[in-house]
Structures are given as C-alpha cells and as structure tokens.
Amino acid sequence: MDWFDSWALSLATFIPMVGTAVVLAIPRAKEELIKQVTLLTTAVTLAVGVIILFQFDYDAADKLQFGVDKSWIEVISSRYHMGLDGISLPLLILTMGITLLCVIYSWDHFPEPHNPKAFLALMLVLETGMIGTFLAQDLILFFIFFELVLLPMYFMIGVWGGPNRDYASIKFFLFTLFGSALMLLSFLALFFKSDPHTFDIVKLAELHGEGIAHGTQLLIFGGLFLGFAIKVPMFPFHTWLPDAHTEAPTVGSVILAAVLLKLGTYGFIRIALPILPEAAHSWAPYIGALAVIGIIYGALGCLAQRDMKRLIAFSSVAHMGFVMLGISTLTSFGINAAIFGMVAHGIITGMLFFLAGSVQERYHTRELSRLGGLLLQAPKMGWILGYCTMASLGLPGLAGFWGEFPAVLSSYEPAEGLNVGLFRFFMVVAAIGTVLAAGYLLWMLQRVAMGKVPEEWADAHIHDVHKPEWIAWAPLLVLILALGVFPGAVFNVTDDAVQLLSKAFVAEEH
Amino acid sequence: MPAPYFDYTALAPEIILTVAIVAVLVADLLFEEREKYQTSTIAGVGCLAALVPVLYLAGNGADRAMFGGAYMVDNYALLMKALFLLVGYVTILLSTNYIEEGDYYQGEYYVLLLTALLGMTIMASARDLVTIFVALETLSIPTYLLAGWRKHDARSNESSLKYYLMGVLSSAVMLYGMSIVYGLAGDTRLVEIAKYVSSGQGGQLFDVAIFFTLVGFAFKVSAVPFHFWAPDSYEGAPTPVTAFLSVASKTGGFVALLSLVYVGFFGRGDAWQPILWVLAAASMTVGNLIAIRQTNLVRMLAYSSIAQGGFMLVPFAVANQGDGSARPEAFAATVVYLLIYAVMNLGAFAALIAIARKTRSAEIDTYAGLFNYAPALAVTMSLFLFSLAGIPPLGGWYAKLVVFKAVLDAGTVQAVILGVVAAVNSVIALFYYAGVAGMMWFKPAPAETSTARVPVALGAAIAMPTVLILAIGVYPNLFARLGELATKGL
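These protein sequence lines map, in sequence, to chains A and B.
All residue numbers for the first sequence refer to numbering that gives the first Met the number 0, where the first residue is 0 and numbers rise by one.
All residue numbers for the second sequence refer to numbering that gives the first Met the number 0, where the first residue is 0 and numbers rise by one.
Simulated from the structure, these hints should not be mistaken for laboratory data.
Do not rely on the hints blindly, as some may be mistaken.
[Unchecked claim] Chain B regions said to be covered by chain A (calculated; three or more residues, Cβ under 8 Å):
no., stretch
1, 36-42
2, 284-295
3, 383-394
4, 463-469
5, 473-485
[Claimed, not checked] Computed beta-carbon distance windows for the label pairs:
no., chain 1, residue 1, chain 2, residue 2, range
6, A, Leu23, B, Phe430, 26 to 32 Å
7, B, Gly323, A, Asp194, 18 to 24 Å
8, A, Pro195, B, Val207, 41 to 47 Å
9, B, Ala375, A, Ala473, 38 to 44 Å
[To be verified] Here are the simulated DMTMM-like cross-link-like pairs (lysine to aspartate or glutamate), alpha carbons at most 20 Å apart as the crow flies:
no., chain 1, residue 1, chain 2, residue 2
10, A, Lys192, B, Glu362
11, B, Lys442, A, Glu111
12, B, Lys442, A, Asp165
13, A, Lys192, B, Asp322
14, B, Lys442, B, Asp322
15, B, Lys487, A, Glu111
Just so it is clear, CB atoms sit at the ideal spot from N, CA and C, and this is done for glycine as well.
Please model the complete structure; the sequences and the hints are all you need to start from.
Structure representation (structure tokens):
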C-alpha cells in the first residue's frame, strides 16, 4: 500500500472534483444518472477516508502522515504540501460523512428551482474545498481551498435559498472575503518575515515566530484573527450567519453548520496558534472575552427568535463560542475540548438543521408560534428532535456534553501567564451560558414538538420520517450517542497532536 | 554617420504585420461586397503569422538591440508582443460576426485594427522617448476611428470624439514632459536618461518633467483622476473595439509606463513613487465605488477596468526601496497582472458579446435568469467576473496575490497601507461582480427568450480564455514563469 500513502490525500481531495466534471458532462435531463454519479463519488470519497482511518498510525498522531510535498508554484516558493495528523483526521471524516448524507437527504426533495445537476455539481466542488482546507500544509494552498468553498456556497444560498436569498448570499460572500483578504496579507507577511522565506505551515510552526518583533506579530495575528473569526463566526462578526443559515436550503445549512464554520476554528488551531504562539498569548484574553460574549449573546439571540432555523443558527454562535473559549485557554485540555466541540457541533447542529428542513417541508413554515404537536402528528420525528435537543444542550452521555463541559472547565486553569482570575470569570459566564442554552433549546422543543396540534394543521396529513431521511439521519443519531459514551474515540486521536501544539505555550514561559 | 543596422529577424513580427495590413487593403479592393468577410480571415492569419517569428526569437534567447539601444527585442518585449498579437487575434474573432452582421465597413476595420497592433508591437520594444511616442500615436490614432465605427449612433460619435480629444491632450502633456527630460538629459534613449538620473543631477525641473510624462500616461491607462473619457468611450464604441481598448490599448500604455519608470526614471523613486501611489489608490477606490452604481455592464466593466488598472499601478508605487531589491518583484507583478487581466477581461467581453446576441442589450437587468435558458454562457460569464474579483481557483487570484506580495516585500508603512487599501478594494469589487452573477443565476427568466446561437468564431473566443483562466488558477506557475523571465532584461 505504498502508493496509497502518497496518493490518499490527493485522492480524497480531488475525487469530488472528478465527480463534478462527470456531472457537468451529463445532460441536465438525466437526473437519475446525475444523482447516482454524485452518490458514487461521495461514497468513494468516504471509502478513501475509511481506508485512511484504518491505515492511520495512531501512535504517531502528532506527526503528519500520508504526506505529499510536490512543487507547485515555484516562482513564489509555494508547494503542494498536504498532510494529515490527529487534529485533521476527525474533521476530514466528518466532512466526507456529512457530504454523503447530504446527497442522500436531497435525493427526492431538491429545493426549488430544482436543477439537481447544478446543485450536486456545486456540492462536489464544495467538498473538494472543505477536504483540501483540512489537509493543506502550505499557506497559499490552504488559502485556495479556504476560498474555494465560497463560490459554491454563494450560489447554493442564492439560487436555492429562501425569499431573502439575494441579501443573505452576498452578505455571506462579502464578510468572508473581507476576512480572507486580510488573512492573505498576514500570510504574505509571515512569508517575508520567515528565514528562509517559506509558506510551509510545518516549517513556520517550527520557527514559532522567531525573529519577528512582538508588535509585528500582534498585527499579523490580527489579520489571521479577522480571517478566521469571521468564518467561525465570533461575536461581533457573526451577523452574516443567521441570515445565511435562515435563507440557505436545508442541505446548505447543514454543510455550513457542520463543516464550513469549522474551517475558521481549524485555522486558529492549525495556523494562528502554532505559528505565532507569542502573539496568541497576548490575544488570548480578548479572544476568550469575545467567545463568552458570543455564548451569552447567541443564547439571548435564540430566546428572541420566532423562526426555528434562525434559532438554531443563533445557537451555533453560542456553541462556537464554547469552542473558541477552549482554544483561547491555550491548554491542551482546552484545545482538545475545542476539537471535540467542533465535531459534536457538526453532528448535532447538522442534524438539527436537517430536522428544521424536514419540519418546514411538512408544515411549509418555520414560525415557532404556528408549530406544535409534532410528537402527536409525527412521533418519530418528534422524538428525534427531542434527542438532538438534549444532545445540543450538553446532556451528559451524548456528544454535546464533551464539547461544552471540558471547554468550560479548561478555563479554570488557562495556560501559564494568562490572567487566571479573568479566565475563571469567563468560566462562570460560560456556565451561565449553558443554563441559557438549556432554556432556549427546551423552549424550542416545547413549541415545536409538544402541546396540542394547532388548528391550522389539525386536518393536515403529516408524513413521519421517510426512507431517505432515515438513511441520512441514522448514522448521525448513532454517532451522537457513541461519541457521548466513548468520547475517547476523538480525544485519543487528537491528543498527541494537541500536546505537541500546546508545548509552544509551556516552553515559551519565562 | 554609418547607416543604422537593421536586424530583419528581430523586426520580422512588425514586417509581417505590415504585409498583412497591405494584404487586407488590397483584398478589400478586389473582393465583392459579400466576400468581404474574408478580410477578417486574412487579418487573423496575419496575427498568427507574426507570432511565428516571436516564438522563434523567444526560443533563440539572445537579446537584440538596435539603433543604439532605442529598440530592444528582449524577453519582456517578446512576451508583450505575443500578448498583443494574441489579444489582436481574439479581437478579430470577436469582430467577425459583429462587423459583418452590423453592416459596417469591413476591410478598413481590420486595417485599422492591425495598424493599432503594429503600434503596440513597436511599443513593446521601444526604449527611447521618440520611439515610445511614435508607437503610442500609431496605436492610438486607429483606435480613435474604431471607437466611432457605429457612425449612425450619436453615442459612438461622442465616444470617438471624447477619446480623440483626451488622447491628443494627454499626448501634448506627455510630449511637454518628454521635451524637458530631453533638454536636461541630452538624450532620448532611456538607458542614457537612467545614467543622467543616477548621476544625481536634475533637481526640481526633472521632477516636473517626470510629473508631466506620467500624467500623460495616466490618461492613456485611464487612471483616476484622468479617467473621465473611458466609460463614455467604452460604452459608445462597438463592443469588440471596447474589448480591444480595455485590454490591448491599456496594456500598450502600461508597457510604455513600465519601460519609462523601470528603465528610465527608476533612480528618482522619490519623484514618481508618491504620484503613482496616489494614482493607484485613487483608481482602485474611485473605479470600484462608481462601478457599483452602474446599470450597464459595459460601463461597469469600464469602471472595473479602471480599478484593475489601479491594482497594476500598486507595484509601481513600492518598486524603489533604495537598495533595488524590490525592483524585479514589482516589475514582474505588474507584468503578470497584465497577462492575467488580458485573459479574463477579454473573456468577459467575449461572453458579453455572445450574451448580447440573446438579450439584445448590455443592461444588467436584461441578464435576469440567463442561467436558466443559456447555462453555459451564464457559467462562463460568471467565471470571468469572479476571476476579475480574484476568487480562487480562477486565475485572477494569482494576479492579486503577486501584487500583495510585491507590496509586503517592500514592507514600508506606505506600502502596507496601500496593501490594505487594495485588500479592501478587492472586497468592494466582489460586490458588483457578484451582483451581475446574481442577476444571471438568482432571478427568474423573462417569459420570452431568444434562441440565437453562438457563432463558431465567437465560441472559440470564449473557450480559449475560459480554459486559460482555469489553468492559470490551478497551476499559476504557467504565467508566473513568464513574469520572471521578463525581468531578466532589467
């Protein structure tokens, strides 16, 4: 399997691209064939992922495996450098899995204006971008993949989205592009400040920002921060998220929540922290502060929503706040929690968006005040909603708990040199946030699933969960429980790599 | 005085173009009215034939200088000649159906187009004030006429007249500056001027000379605040001519500017850098902000090309950092930007002409729902628009990257500020490019849609840039190497 070692990551990244080309070549009228090709493509991609999962050397999870390092743009000494370590692995598998499930979910209900050819082609391009971002080990390569997701998502929201889609799609695009333009400037600054000049993430991380004046480091980190924080999104850059989520078609929301938001947090862990540890140390209290503001703001925002999907979108702001809080502690404990939080949020919130989509499909509305009694009309779906709600609010035993609780706990003892009192204050605020989370999620559950069926829907025939939904949801529902019971499945994979990363913050101490 | 030395191999591209011009003229006299479309074939073959010696010379490798260094055939000159000839060829492809169906004079049109191309190929080699001026007039005068080709349309007349008056004014200003340069330096060759500059003489009068010369070229490349003519001229001119003006003519101006600044005036960075800094920042910002307000795609592209010109000016503004270390990088950045810009802007105009056959208009409203009834055109148009916006994986991102790279390489405070201005502008630009794409993709189609087909020549003119823009985006080394080669002559 030697060839697999050097080809695995390129295959994983570019099989969806090949699929796109094939889909584009098929005439628009042959919808069945288009769907089958897309399903096959995403399945093969996941299969590559599964083989990687088995071939991965878990004893060396802190080292990059399956590495490829080929010349790409010699003139600017940027290379095609891909690699996979314990931090990337869970996110890679998450991406592949979610995309496949999204294809299955869309099988029979493509949103208006239909056109599966364009929809699926865009989804495959999106997959290439997402997978590539998690694997790239060169700043320019990372930038290309990071940006590659923008166009397909823009069109997905704009063409298949809700009534306010024009506004939502361009807002999403402009916000992210603004961040990434400044991020690119920071990448270039890192290139010129490194000796010898390099875009290689691994080499830059080994340098730890040596030889860069502290003030310059802070500025460069600022650029990176903007790029990633807008993507996460952190308060106060989150305003694009509720609009994008509300207007996007169901599958778009799922991918957005499950994977796209993680590109931002992943950027912090992969690039910003290891390359500029000193600046990260100075920025950490501010990041932590914005994270807890996000937690509270997101929660309060949820309580004010009338639209189910918008509520879930705001809950994303709060959940990503926990992830960022974990990262801002700069401890291995906190960062491990953050990565777990990313995976858990991906599965749970992805699932909630699926449910919101299915509810809307049946009731043709997402207005919380008009919904109710789902448990009576479609009991299975009602129970699934209840289960996901519990997972989302962090019930022990389900996946959400392991993302939230350790992140809060980690701020009890942040990395050396950080203001302990301040972070303990953050901890208290975040803990209040978990209570609020229980509040708004249970409130949503109550409005949608419990109570009597409103008169409006009394005679309506509401179909319970149907087959494509079962197939798409079952793996996620199992995972929510499995990761809740065996959190080690993720923690053991990420820990070595995270330990390596957090050494920078221990060793650096005076 | 000995007779000047002529290197006919080095001059072969220009000679072939001249032969093609004469051939089109004669053919126009001999052909019947209905056969006149063949003049476009002759013109196209002429462009491609002229490309052969360019490729030979490039393979041959040696730099050839004539007339005491006033006329250089080096990598940079050859690269630009190849670009001009290819742009000329694509413009002919764009024009064939437009000019034939529009019932315009055909033979004369191609004669003028080829003459402008001849001026451009000369410009690529010109390293002397007089040669630059002659080349500039040779490329400008035919385009004044071409802009007014739709002579029954008042707007085309306006276009031509405005372009002509502004062109003459800028030439006058430029000549005035050049005359002072000559008066002080005592020579018109750029290398001699460079020697004069590095000797430290000149003082304020030379600053004035540099200022006037640059202002003259600022008109030519339509940099803000000397851009007023461009949108009106672009809108009124026949669309293939607009494509030619916004790509080839603009590149011609930039080629002259590159030679003048990097070869002639380089040592006086203190005099020209601030001017170009202001021109770059103003062109990007003003061009983009006005482009947002446009309802007509041709006018929007006119303003967008002003902003794109601003990006090309950015590396100039940071090129001289004293030790000369930033010089090759900045030079290559502008060259690479020019190459990629030519591909994507030409592609955008090609798609625009094809779409106009369906919508009968360049008003952005009429593009509604294009994705539903002409998906291929909508997709290609979107590719070019997003490439212009610099979104990966389309070629434009690399152009933007090299500009940012040049800026951060310089690393001074002014440079970084300009870099941030450029970064913010690339976001503003996305707003209007995406707006057009949104119109094509998100809006419902009108009840009645035209079924007009895309002719073969036009299809080829769209396909070539599409393939190139994707190839550059994925593997930018393709063009990046060319930029690096071009700097060898510095």
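Against the structure, the hints:
no., hint, result
1, 36-42, "violated (count 0)"
2, 284-295, "violated (count 0)"
3, 383-394, "holds (count 4)"
4, 463-469, "violated (count 0)"
5, 473-485, "holds (count 7)"
6, A/Leu23 x B/Phe430: 26 to 32 Å, "28 Å, holds"
7, B/Gly323 x A/Asp194: 18 to 24 Å, "20 Å, holds"
8, A/Pro195 x B/Val207: 41 to 47 Å, "44 Å, holds"
9, B/Ala375 x A/Ala473: 38 to 44 Å, "39 Å, holds"
10, A/Lys192 x B/Glu362, "47 Å, violated"
11, B/Lys442 x A/Glu111, "12 Å, holds"
12, B/Lys442 x A/Asp165, "9 Å, holds"
13, A/Lys192 x B/Asp322, "18 Å, holds"
14, B/Lys442 x B/Asp322, "54 Å, violated"
15, B/Lys487 x A/Glu111, "56 Å, violated"
Violated hints, in rising order: 1, 2, 4, 10, 14, 15; the structure is consistent with all others.
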